[in-house]
Each structure stands twice: as structure tokens, then as C-alpha cells.
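J.: Sequence:
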Amino acid sequence: MTTTELTALIDRYCAAWRESDVSLRNDILEAVWHEQGRYSDPTVEVTGRTALSDLIGETQARFPGGQVVRLSPVDAHHDSFRFTWTMRLGGNKQLPESIDFGRIAEDGRINEITGFFGLIGGTVNAK
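Mapping of the sequence shown onto our numbering: residues 20 to 146, in sequence order.
Treat the hints with caution; some may be incorrect.
Have a look at the derived ranges for each label pair, beta carbon to beta carbon [what the hints assert, rightly or not]:
#  : residue 1 : residue 2 : range
1  : Pro83     : Ser42     : 27 to 37 Å
2  : Phe135    : His97     : 26 to 36 Å
3  : Ala80     : Met20     : 32 to 42 Å
4  : Thr133    : Asp30     : 32 to 42 Å
5  : Leu90     : Thr62     : 28 to 38 Å
6  : Met20     : Lys112    : 28 to 38 Å
7  : Ala80     : Asn111    : 17 to 27 Å
8  : Asp98     : Thr66     : 14 to 24 Å
9  : Ala27     : Thr133    : 27 to 37 Å
10 : Thr22     : Val88     : 12 to 22 Å
11 : Asn111    : Glu54     : 35 to 45 Å
Calculated from the structure, these hints are not laboratory results. For every residue, glycine included, the Cβ atom is placed at its ideal position computed from N, Cα and C.
With these hints in hand, go ahead and build the complete structure from the sequences.
T.: As C-alpha cells, this is what we get:
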């Protein structure tokens with residue numbers, strides 16, 4: 020996968036976090052997320068597209084109007100990648116810059132993301 024293709028994949032993944040229409044969100048996830056992909060961050064761990072879509076919906080309910088935005092270029096080697104992102108909340112407010120590490124499955128979709136909130140050594144009350 021080229022850097023351009025991987026960046027497009029990650030941008031579509033981030034778009035799924037912004038999509039409030041469940042049907043459209045599921046369409047995006049089908050294209051970018053492996054059926055048994057694993058997502059974890061300091062607050063949760065889920066496996067599978069349906070569980071991830073449900074988590075996104077719960078996150079949207081918790082942060083109405085929040086927009087996940089990729090901040091950094093996507094850095095990658097072999098089947099692994101990383102990128103930084105934030106959630107913009109409106110009114111010039113946003114959550115701390117965070118970082119995701121992931122892996123690509125053989126089918127070219129995301130197989131795993133492990134997310135960390137905030138900067139190293141900082142604390143974020145994500146609950």
C-alpha cells in the first residue's frame with residue numbers, strides 16, 4: 020500500500036468517526052475496517068465492525084457535534100502505522116492531541132488500532 024493509499028484509508032476511518040448516519044457510517048467501516056478488527060483506547064476495547072460503529076455512536080452522543088480530525092501525516096512501515104488526531108468540539112475547543120497506532124490486514128483494511136489520549140506523561144480524564 021502506498022503512502023497516498025494509506026493516508027486515504029486513515030482519512031476515511033476518521034470520517035467514520037464524524038458520520039452520524041449509522042447506515043453511512045457502517046458503509047465507511049465496511050470499506051476500511053476488517054470484520055474482526057480490534058480497537059482499544061484507555062477507556063474501551065472492542066472487536067468487530069458493529070462494535071466499533073456502536074462505540075462511535077456512543078462517542079458522538081457524549082460529544083455532540085465533535086469532529087475527529089487527523090493532525091499529522093500518516094507514518095508507516097511494513098503493516099504498521101501511526102498518526103495524531105484530535106476531536107474538535109466547536110467554539111475553538113478541542114480534546115488534547117492524541118495518537119493512534121495501527122496495523123493493516125492482508126485485505127488492505129485496518130485490523131487494529133490502539134489509541135492513546137493526550138501527550139505522553141500527561142493525563143486526560145476520558146471517562
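J.: Can you list which hints this structure breaks, lowest number first?
T.: Of the numbered hints given earlier, those the structure breaks are 1, 2, 4, 5 and 9, listed in rising order.
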